[in-house]
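Sequence lines, in order, name chains Y and C. Using the UniProt record's numbering, you'd call the opening residue of the first sequence number 1 and step up by one each time. Using the UniProt record's numbering, you'd call the opening residue of the second sequence number 1 and step up by one each time.
Hint data in this document are derived by calculation from the structure and do not stem from the laboratory. Bear in mind the structure is a predicted one, so any value in this text is a computation, not a measurement. Backbone N, C-alpha and C fix where the C-beta goes; we use that ideal spot for every residue, glycine too. Careful: at least some of the hints might be erroneous.
[Stated by the list, open to error] Far from chain Y, some chain C residues (derived; all Cβ distances over 10 angstroms):
(1) ALA12
(2) GLN74
(3) MET88
(4) PRO199
(5) GLY400
[To be verified] Stretch-level coverage of chain Y by chain C, calculated; a stretch enters the list once three of its residues show a Cβ under 8 angstroms from a Cβ in chain C:
(6) 247-256
(7) 354-360
(8) 406-413
2 protein chains.
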Amino acid sequence: MTGPATLALASAYLSRYPAEAARAIDAYSPAEIERYLSLVPPERAVPVMNALTPMTGATVLERLPVELRLAVLQQPERSRAVALLGQMPDDRREQVLGELPDGLATQLRQTLEYPEATAGRLMDTAVFSLPAEETVGRAMALLREPHRGSADVHFIKLLDAENRLAGVVDVRKLAFNSPDTVLSSLARAVPAVVGPMAPREEVVEALEAHSLDELMVVDQEGRILGIVRHGTLLNALKSEASLDIQTMVGVSKDERALSSSWFALRKRMPWLQINLLTAFLAASVVGFFENTIATFTALAVLLPVVAGQSGNAGAQALAVTMRGLALREITIGHWLRVMRKEMNAGFWNGVAIAITCGIGVFLWSGSVGLVLVIALSMVISMVAAGIAGALVPIVLARLGQDPAVASSIILTTVTDVAGFFSFLGIATLLSGMLVAGG
Amino acid sequence: MTGPATLALASAYLSRYPAEAARAIDAYSPAEIERYLSLVPPERAVPVMNALTPMTGATVLERLPVELRLAVLQQPERSRAVALLGQMPDDRREQVLGELPDGLATQLRQTLEYPEATAGRLMDTAVFSLPAEETVGRAMALLREPHRGSADVHFIKLLDAENRLAGVVDVRKLAFNSPDTVLSSLARAVPAVVGPMAPREEVVEALEAHSLDELMVVDQEGRILGIVRHGTLLNALKSEASLDIQTMVGVSKDERALSSSWFALRKRMPWLQINLLTAFLAASVVGFFENTIATFTALAVLLPVVAGQSGNAGAQALAVTMRGLALREITIGHWLRVMRKEMNAGFWNGVAIAITCGIGVFLWSGSVGLVLVIALSMVISMVAAGIAGALVPIVLARLGQDPAVASSIILTTVTDVAGFFSFLGIATLLSGMLVAGG
Numbered sequence: 001m002t003g004p005a006t007l008a009l010a011s012a013y014l015s016r017y018p019a020e021a022a023r024a025i026d027a028y029s030p031a032e033i034e035r036y037l038s039l040v041p042p043e044r045a046v047p048v049m050n051a052l053t054p055m056t057g058a059t060v061l062e063r064l065p066v067e068l069r070l071a072v073l074q075q076p077e078r079s080r081a082v083a084l085l086g087q088m089p090d091d092r093r094e095q096v097l098g099e100l101p102d103g104l105a106t107q108l109r110q111t112l113e114y115p116e117a118t119a120g121r122l123m124d125t126a127v128f129s130l131p132a133e134e135t136v137g138r139a140m141a142l143l144r145e146p147h148r149g150s151a152d153v154h155f156i157k158l159l160d161a162e163n164r165l166a167g168v169v170d171v172r173k174l175a176f177n178s179p180d181t182v183l184s185s186l187a188r189a190v191p192a193v194v195g196p197m198a199p200r201e202e203v204v205e206a207l208e209a210h211s212l213d214e215l216m217v218v219d220q221e222g223r224i225l226g227i228v229r230h231g232t233l234l235n236a237l238k239s240e241a242s243l244d245i246q247t248m249v250g251v252s253k254d255e256r257a258l259s260s261s262w263f264a265l266r267k268r269m270p271w272l273q274i275n276l277l278t279a280f281l282a283a284s285v286v287g288f289f290e291n292t293i294a295t296f297t298a299l300a301v302l303l304p305v306v307a308g309q310s311g312n313a314g315a316q317a318l319a320v321t322m323r324g325l326a327l328r329e330i331t332i333g334h335w336l337r338v339m340r341k342e343m344n345a346g347f348w349n350g351v352a353i354a355i356t357c358g359i360g361v362f363l364w365s366g367s368v369g370l371v372l373v374i375a376l377s378m379v380i381s382m383v384a385a386g387i388a389g390a391l392v393p394i395v396l397a398r399l400g401q402d403p404a405v406a407s408s409i410i411l412t413t414v415t416d417v418a419g420f421f422s423f424l425g426i427a428t429l430l431s432g433m434l435v436a437g438g
Numbered sequence: 001m002t003g004p005a006t007l008a009l010a011s012a013y014l015s016r017y018p019a020e021a022a023r024a025i026d027a028y029s030p031a032e033i034e035r036y037l038s039l040v041p042p043e044r045a046v047p048v049m050n051a052l053t054p055m056t057g058a059t060v061l062e063r064l065p066v067e068l069r070l071a072v073l074q075q076p077e078r079s080r081a082v083a084l085l086g087q088m089p090d091d092r093r094e095q096v097l098g099e100l101p102d103g104l105a106t107q108l109r110q111t112l113e114y115p116e117a118t119a120g121r122l123m124d125t126a127v128f129s130l131p132a133e134e135t136v137g138r139a140m141a142l143l144r145e146p147h148r149g150s151a152d153v154h155f156i157k158l159l160d161a162e163n164r165l166a167g168v169v170d171v172r173k174l175a176f177n178s179p180d181t182v183l184s185s186l187a188r189a190v191p192a193v194v195g196p197m198a199p200r201e202e203v204v205e206a207l208e209a210h211s212l213d214e215l216m217v218v219d220q221e222g223r224i225l226g227i228v229r230h231g232t233l234l235n236a237l238k239s240e241a242s243l244d245i246q247t248m249v250g251v252s253k254d255e256r257a258l259s260s261s262w263f264a265l266r267k268r269m270p271w272l273q274i275n276l277l278t279a280f281l282a283a284s285v286v287g288f289f290e291n292t293i294a295t296f297t298a299l300a301v302l303l304p305v306v307a308g309q310s311g312n313a314g315a316q317a318l319a320v321t322m323r324g325l326a327l328r329e330i331t332i333g334h335w336l337r338v339m340r341k342e343m344n345a346g347f348w349n350g351v352a353i354a355i356t357c358g359i360g361v362f363l364w365s366g367s368v369g370l371v372l373v374i375a376l377s378m379v380i381s382m383v384a385a386g387i388a389g390a391l392v393p394i395v396l397a398r399l400g401q402d403p404a405v406a407s408s409i410i411l412t413t414v415t416d417v418a419g420f421f422s423f424l425g426i427a428t429l430l431s432g433m434l435v436a437g438g
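Next up, chain Y with everything else stripped away, as it sits in the complex (with noise of 0.2 angstroms):
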């Protein structure tokens, strides 16, 4: 921040790409946050909030003007709010909802009171509701009014006599409808409703159902608590979609990149003590072995790079079939015509490494014998990889499992067994054929 012309620019980039700049000084200390936000008119300086990381936008708001903090936290897109002060630490946080109106406030602590990624963390509370014995003429002069924000309101809410929710009314058939028509006659049922406490795995299941714009989320008398809007619903699919990278190596699901290493540690601590487990396993194939390769130690440095292939093209098989389940692109049926692929394609990518690696092993040890060993185990495990890779998912899926849960380190297991016993077991039948010493 040197001269004038840095300064314009710098303003002009937060104005007309709030996103992009947001990006850029995201990593910044929340004091030059601050400073390059008040370059820019409040209205400007919203967008940009709203770009910036949840961790980084909750240390900033802390600072920044009270009038622009209210200007965040009053948005119509409540779930900025609530992601925001629920980074925040009890105590400002109270301070913070002091400032806001009685209303705003005791919805925003409403909402904050459910566990995070619950629907009714991720509700909206100020919901366009209506009794179901209103008349369209009401209903428009409702919406007319500024305050009630009519930009936002798809779908009116209609409330039966116990304030339950009746059904809704898009929004859109108030024009083709004459004024003293009752609300109700124009109601379609609900496709989907879930519980304030339902995760968000299952407000994703709903969406995707019913490709909604909007999702109610209602008590068990049936009485609205508060919608999960589109943004939000947007936000919530690509969390779920993108969750299966964590799964499958054995990472909770609550864990993000910013978690403490303490969280991090006590959730995957399970799993790669299971996969110490198996790692004993696969050594004690190699333990079996121990023989040939005090006789023949040149094994034991081409060990690796069995095992390493087949866990790679086993790696590649496990990532399509799960995409390809999750995607619902194939059902656990398929398994006969996608095992039957992944044999395929294992077998020739382990002709054709198996080449190339022979040649490599041979130029490096000169030995026939060592590249037939090579050769052969390579292409039996990088087979029993792409088998292994397509079946372990399917049939996860099929004993009713999420198909990523440590479908990673199960695959690994299976490629390093396999390889290592190919490798070590055909190096003893044709041990004839080795120079031993390596």
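Let chain Y serve as the given structure and place chain C on it in line with the hints.
This is chain C only, laid out in the frame that chain Y set:
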């Protein structure tokens, strides 16, 4: 399909839970699926057809009675018809298109000319558009005509004198304005448009940036070609968000679970060959210590345990960091915080695993020296794995690359080399404490 009771049950299941029932029958033969579909009235059969995987759906479609086939292809959401026709061989597709009204057939043919996973292929060409100078009254009259499908129209697209997209009018606004209001006075700018050749990735970026309900596809002159509807946008978002799992292990973006073996072979091969190179690099580390291994063969047995554990710990760190970048919860600027977290988690997980592993190795070998070697190298290599898992995606992103591309292959190289080097290096240093021969 035995008695009448079974038939009634099957038919009830198909009618009431079409999506679930479709998953259950998806892997049956097309003839069997067709027989099941004949159990329910056509309007109940369409949702089942919609929930079948596209590949199965396409083969079943050809066998259906003509009226049911037409019902499937003439649904308002065109993208389903496009997906099914896209799976058919050219000759049979033409045969099916021949049964459709000329207008629809031409529209579908045009859409099918765009490559897969482009905006052109995803769009629906039936768009409700009007000249900008039309009035609210005329728009409402047209929307009321049943065949216009007013239920699907959220925004009226306004066209200028050259038929270019000039803005959109929210259908809900019609309700609040007199019939003689000119539409252009109610218009707002279109937040985002894409060209028909825009890749799905760009479609998803526009969706996320503006939280869109639908996305307009325009040609170079700005004339509207079609719209990508909400359900299709959600599928595209899910498809993109789950892509990292493939790209991280060197699988092409275009591969699907049922792609041909040949496609899989061709596209995966380059990364497998690169992986072979890196495997030789790791092997050369082992080769460097061949003398140590020749003396203490127990090292060869335990070598994969260290590399396997650090590989798995690294994969966990990688997954969480990559997802954080994808969900924009962190930026490149957070590298130090993320690295510190993963270093800490790696160290303490390393200590815990070193203890368990040490006990196991002591029980197996009774050698305190070996326990010391594996425990020390476990901690070192797991810290290295944590650091690498955090930094690999961040460095890739910094270099302007997709943080997922082949990150897993790069990481494995790092963890293998770190694991082998620390384990064999420490063993060589402490060789006085080891027992020759294992």
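Here is what the structure says about each hint:
Its beta-carbon lying about 19 angstroms from the closest one in chain Y, ALA12/C satisfies the requirement of being farther than 10 angstroms from that chain. At the 10 angstroms boundary, the C-beta of GLN74/C stays outside the reach of chain Y, the nearest C-beta of that chain being 19 angstroms off. For MET88/C, the condition that its CB be more than 10 angstroms from all CB atoms of chain Y holds, with the nearest at approximately 16 angstroms. Against the 10 angstroms criterion, PRO199/C stays outside the reach of chain Y, whose nearest CB is about 17 angstroms from its own CB.
Look at GLY400/C: its CB is around 14 angstroms from the nearest CB on chain Y, clear of 10 angstroms, so calling it non-interface holds up. With 6 residues having a beta carbon nearer than 8 angstroms to a beta carbon of chain C, the stretch 247-256 of chain Y meets the requirement of three or more and the stated coverage holds. Residues of the stretch 354-360 of chain Y lying with their CB closer than 8 angstroms to a CB of chain C number 3, which satisfies the three-residue condition for coverage. Check result for the stretch 406-413 of chain Y against chain C: holds, 3 residues qualifying (beta carbon to beta carbon below 8 angstroms, three or more required).
Hint compliance for this structure: no hint is broken.
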